[in-house]
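Chemist: Here's the letter readout for the chains.
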Amino acid sequence: MAGKNIVEKIWEKHIVHREKGKPDLLYIDLHLVHEVTSPQAFEGLRLKNREVRRPDLTYATMDHNVPTRERHIIRDEIARLQMDTLKKNCEEFGVTLADIHHPDQGIVHVIGPELGLTQPGKTIVCGDSHTSTHGAFGALAFGIGTSEVEHVLATQTLWQSKPKTLQVEVSGELGFGVTAKDVILNIISTYGVGFGTGYVIEFTGDVIRNLSMEERMTVCNMSIEAGAKAGLISPDETTFAYLDGREYLPKHKSYEKCKDEWRSLTSDEDAAYDHKIEVKGEGIEPHVTWGTNPGMGASISRSVPHPEQYADPSEREGVERALDYMGLEAGMRIEDIEVDYVFIGSCTNSRLSDLRAAAEVVKGHTVKQGVTALVVPGSFKVKKEAEEQGLDTIFKEAGFQWREAGCSMCLAMNDDIVPPGKRCASTSNRNFEGRQGNGSRTHLLSPSMAAAAAVTGKLTDVRKLEKMPVS
Amino acid sequence: MAINHVEGKVFPLRRDNVDTDQIIPKQFLKRIERKGFGQYLFYHWRFEDDGKSLRDDFSLDTPQYQDAEVLLGGKNFGCGSSREHAPWALQDYGFKVIIAKSFADIFYNNCLKNGILPIQLEEKTVDALLRNESHVDLYKMEVSLEHQTICDSEGLRVSFEIDPYWKTMLLKGLDEIDLTLHYGKDIEEYEKNYEVSGLGI
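In order, the protein sequences belong to chains R and U. According to this note's numbering, the residues represented by the first sequence are 8 to 478, in order. According to this note's numbering, the residues represented by the second sequence are 139 to 339, in order.
No wet-lab data here; the hints were simulated from the structure. Just so you know, even glycine gets a beta-carbon here, dropped at the ideal spot from N, CA and C. Please note: incorrect hints may appear among the correct ones.
With the C-beta cut set under 7 Å, the calculated list includes, among others, these residues of chain U facing chain R [stated by the list, open to error]:
{"#": "1", "residue": "S219"}
{"#": "2", "residue": "I244"}
{"#": "3", "residue": "E292"}
{"#": "4", "residue": "I339"}
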């Protein structure tokens, strides 16, 4: 009999009730809450006179629409109402909240791991599709809608059908200047934005094993852009080293015991999956998107495709629409695309190592005239640590704006907006029409590539700017 | 909200990968109610930048599709953000059934929780329905959840699959939380067996 993969192991440990003809009733270990997708859920509880079953397994923060400058004045009345509502709800139902003035505040998917709330083997949900980020720790983490948020608040469980599993093995090693972001963008471009639908992806292989925790988070974060329910990586020593000493680790048992339990979750050598994809690390180059979904991308050295290259009529039409929206001409070199904005931030790439990678490229250069460039750290803590390392000075001296933590220009719910027709090189996760502001044009890329674009004012192969390391 | 028999006009949306940012753009997510999102449905596809004039390349507001109750979509419908505001907007606008070649998981679930019937059909079947739609001015459909069938006004009849659990939930319009609370003992037992302690304890 084949061994078990990590998804099967976690699933089995969380079944509260199983009955033929029904989904499984699954226990949820950690429920993360933010201001945008929770007000209607709390209101639902109130209307039915229900309690939050486990406020001690629930943790809330504000991120989606928080201002990233002049924190003390929130000019957007409706956003303020949403933040006030979360505060009121958390007080009423006894949920811990890191509000915008709290030192633990940040993007929900940045602070979960940072505080050690995220741990291997946990089932983690949040009313946000990028909850898949937490899978980097070997947790089964997925986004849910507001009705499910209400269901978890009331019962600490969810009815879930067991998903299929998909192994994505990234073997070999990455070339100079190639990052975790390039890996995941490359995979989505190759296999499409729907290849993960109905699956939980486990990322395996040498390339994945050699990634830091922050890089693994970038990969798992974008599993949802492949349509996957979740993406995860079996925990290992890298995982344990990252978590050691974090605030919310269990205190009723030793860290050694935790590690033993977590080790047992790792997929067995002979584990079976419903499907497998193999990717070679050596074939991956720095990657950017040219279209209006994360699958519409190519290596930086390539050209914008011609719609005629696509055999499928609906795909061809999609490419035509995308090029029209993006204001790009088929066949032009990607490196000739000029940008107006650069955004370094979001739950995909706003952690310390992301900022450090960008700062290394920026150091000694200035932001190209006419380009507006923003760095928005993922959390209050990331911001503080970056400042301790002098990264803020590097960015500010180069002409970047240095902001407070939040989701910011990733989805432009606050006033960090890319104006209509303007083009943004962005380290975020979605290049949908209007995502960064009505009429905005987004190119997704890695932090170092975004930094290179800020310096040259064009999409640029960062390897041309960075010096080769001396071996 | 229960749903079973739907008979109405069909709005065809011949695009793949329709994401929830297009279904309901982020500037409308700041409301703290579940209602009133219909007016913002497909906002930037329907309206010019002034937010009033209708765009001529999107036909939802033309008389032909007025009061449509069925949306006929392409591949990977509802991808992207988990925002339940998307099905709320579709429902508030008047859609009761969404048919597509495939759905994004979270969106599909969000429909089920709100009494919207999501129907996934084979690509060639959806293409056949879309072809029929393009041949006539008034295209209608009769959808029966109970019988799991679709009959269009051109006489095409197809059947569809749905998980029996969700079929019952939709037909009866049951409150899922009420149902789960019946398993309170199982949940308590689980918490005891697995010694579920609070965060950081």
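Chemist: Determine for every hint whether it applies to the structure shown.
Modeler: Evaluation of the provided hints:
At a threshold of 7 Å, the smallest CB-CB gap from S219 of chain U to chain R is about 5 Å, leaving the interface hint in force. The closest approach between the C-beta of I244 of chain U and any C-beta of chain R is roughly 6 Å, which is under the 7 Å cut-off, so the hint is satisfied. Below 7 Å, beta-carbon pairs count as interface contacts, and E292 of chain U has none with chain R, the closest being about 22 Å; its hint is therefore violated. A least Cβ separation of about 6 Å between I339 of chain U and chain R falls short of the 7 Å threshold, and the interface hint therefore holds.
Hint 3 alone, counting from the list given before, is not met by this structure.
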